[in-house]
Structures are given as C-alpha cells and as structure tokens.
Amino acid sequence: AELPIVMVLNRFDEHPEFITHVAYMDGGRLQKSISIKDESAYAELYQLLHLKTSEIDLPGSDPSFQLPQLKPDEPLVRIRDAKIAYGDTIIFENISWTIQAAQHWQLTGPNGSGKTGLLTLITGDHPQCYVNDIFVFGFQRGQGESIWQIKQYIGYVSTALQWEYRVSISVRNVVISGFYDSIGLYSKFTDEQFQIAEQWLQVLGMQHRADEPFNQLSHGDQRLLLIARAMVKHPPLLILDEPCLGLDDMNRQLVLALIEKICAGSNTAVLYVNHHSEDRIRGIEHHLSLGATDQMVPPSEPSSSASS
8 AELPIVMVLN
18 RFDEHPEFIT
28 HVAYMDGGRL
38 QKSISIKDES
48 AYAELYQLLH
58 LKTSEIDLPG
68 SDPSFQLPQL
78 KPDEPLVRIR
88 DAKIAYGDTI
98 IFENISWTIQ
108 AAQHWQLTGP
118 NGSGKTGLLT
128 LITGDHPQCY
138 VNDIFVFGFQ
148 RGQGESIWQI
158 KQYIGYVSTA
168 LQWEYRVSIS
178 VRNVVISGFY
188 DSIGLYSKFT
198 DEQFQIAEQW
208 LQVLGMQHRA
218 DEPFNQLSHG
228 DQRLLLIARA
238 MVKHPPLLIL
248 DEPCLGLDDM
258 NRQLVLALIE
268 KICAGSNTAV
278 LYVNHHSEDR
288 IRGIEHHLSL
298 GATDQMVPPS
308 EPSSSASS
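In the numbering used here, the protein residues as written are 8 to 315.
One should not assume that every hint holds.
Okay, derived cross-link-like pairs now, DSS-like style, lysine-lysine, Cα gap no bigger than 30 Å in a straight line [as the list claims (entries may be wrong)]:
#, residue 1, residue 2
1, Lys268, Lys39
2, Lys78, Lys158
3, Lys268, Lys158
4, Lys39, Lys59
5, Lys90, Lys158
6, Lys158, Lys195
7, Lys44, Lys59
8, Lys268, Lys78
9, Lys90, Lys78
10, Lys59, Lys268
Because the hints were derived from the structure by calculation, they are not lab data.
Predicted model only: the values in this text are computed from it and were never measured.
From just these sequences and the hints, can you work out the full model?
See below:
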C-alpha cells in the first residue's frame, strides 16, 4: 500500500504534483477540503488564497482622473435626526449617523427595517433626502447640488447592478467602465486606465480572463469584478449592498477576502450592508443595526454616532 503523505504549506502553489487533495485552514478551522481533480473547486480555492495571501498592493489612481478634493476636517456623511415616512407609516425616525473618512461600517437589519431607505438618503436617490438634515461630501442637501455631484464620490455594488449589467462586454472593460460610472463602456479609455484595470485583475487573480465575456463568468466572479469596477476611481465611500447575496460559501469567502483587502489597503471608507450581524469582516469596527435595540458604536469615537 502507498504511504499517505500530509504536507503543511503556507503557499497554495508550493504543493508537489503527486498531491491529490488539498485542505484549507483559516482562523484555526478547516474551511475547505477538495480534490485536485475538481478543477472548478481547485480554481476557486487558488483564487481565494491568492486574495488572502498575495502581497500585491491595490492599484493606484489615474492621475488624469481626480475627484474634487474634500475638506480633511469634514465627515463624509453626517445625518441628523433623519426620518422616512410614507403617510402614517414610519420606516424609521430619529436616526443620527456620522461616517468619517477611511472609517468602515457594517449596516444590518431585517427586510423592512429601512436599510435601503437610509442608503438612498446618502446616495441622493430618495426624494425625502431634501427634507432631512443631511450633509454628504461637502454638500448640505437641498442647497442646489446635483445628484451627480454626490454620486461621483461613491462606489456602489449591489445584486441589482449585477442584473442590470447584461451588456456584451469583456472582463477588462467592466473594470474600466468604473471610471465613467457606466453600464458598458462607451468612452475611449486611456493607457493609464487600461493598466489600472489590468492591475485590479491581478489582485483578483483573473488577469488570464481579461478578454472573456463578463456574462459567462460565475456570479461570484462577476461580483468581484463589480467591486473592482467600483474601486478604480478610489471613491471616498464604497457602498456594498448585500454583496454576498445568492453566493455559495466559497464565492462568499472570495468576496469577503476582497473586502478585507480593501479595508486594509486603501483610504476608501467601506459601508457593508447585510441582513445579519453574524458576518464579521476584519477591518470593520463600526456597526449600525436598524430595527433592533442593539445598535453598537465604539465608545472611544463619539463622533461616529448611531441612534434611533
């Protein structure tokens, strides 16, 4: 009988050719066990470990594509005593919330708790943003600013965006389209933007798929690309609205690994939105829970308030 061999390695690509199975441990727990012959599972695990262990820095910004500067002493978002109501139905009221630059938040709550309404107060898509006391990216809402002046500072990813992105387009061009906030690419891009997109694909471990059609990728890979698309312009705020919705466990781990990399390696504030507070992402230390009594804010940062 052949002698079983167990090798303990730090790098996924260090195993010799005779290895038949791979077990992945993280945080003291066995996360995944696969057969080398399962090409799909092998590729997903390789991509996950690439995201978690790669020392590739997040790409820089395009020098010719700079957002108007924000004042360093001002918060990105300040909401005071906000209320959303439809007739006699109150969705929420007395919500005060401040998001500082490079500060990472998790927003949780069940369906109907007002998560989407609160997000649209920030993005400017809700008609009641003008009757609330809302300061975003240097603008006090209701003083003549346009919605596009607000949105230029936000990177946004949601399952709805993924469903809308049904145009025929390559993987690389999806990332480049983030410079123009467009679904599809209709502008002539620069060499610098091309290189930045290539660098993001290297971060994702997807550089070999740059010319493949976006709509032929798995839902998990599409979600990763849309996050990269949202980050190419280095927005002050990245909103991730249910980014793991509908994903299996491995693709969910891939998305969370990318979010952790962004939290650790960029100056972008991350707002991670989901139903349950059980999700814990390294780097996200602030939590606002809607429709519950357990809203949590670190006591050492009174400026980061959340109350209802």
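Hints, verified against the model:
Among the hinted pairs, lysine 268 with lysine 39 is consistent with the structure: their alpha-carbon atoms are about 21 Å apart, no more than 30 Å. Only pairs whose Cα atoms come within 30 Å are accepted, and lysine 78 paired with lysine 158 is accepted, the gap being roughly 17 Å. The straight-line distance between the Cα atoms of lysine 268 and lysine 158 is roughly 23 Å, inside the 30 Å bound, and the hint therefore holds. Of the supplied pair hints, the one linking lysine 39 and lysine 59 holds, its CA atoms being roughly 14 Å apart against a limit of 30 Å.
For the given pair, lysine 90 sits about 22 Å from lysine 158 by alpha-carbon distance, which is consistent with the 30 Å threshold. As the CA atoms of lysine 158 and lysine 195 are separated by approximately 22 Å, the hinted pair is consistent with the 30 Å bound. Between lysine 44 and lysine 59, the direct Cα distance comes to roughly 23 Å. Compliance with the 30 Å bound is thereby established for this hinted pair. Restraint check: the Cα-Cα separation between lysine 268 and lysine 78 comes to about 26 Å, which is no more than 30 Å; the hinted pair holds.
For the hint linking lysine 90 to lysine 78, the alpha-carbon distance of about 27 Å falls within 30 Å, and the restraint holds. At roughly 8 Å between alpha-carbon atoms, lysine 59 and lysine 268 fall within 30 Å of each other, so this suggested pair holds.
Consistency with the previously given hints is maintained throughout, with no hint failing.
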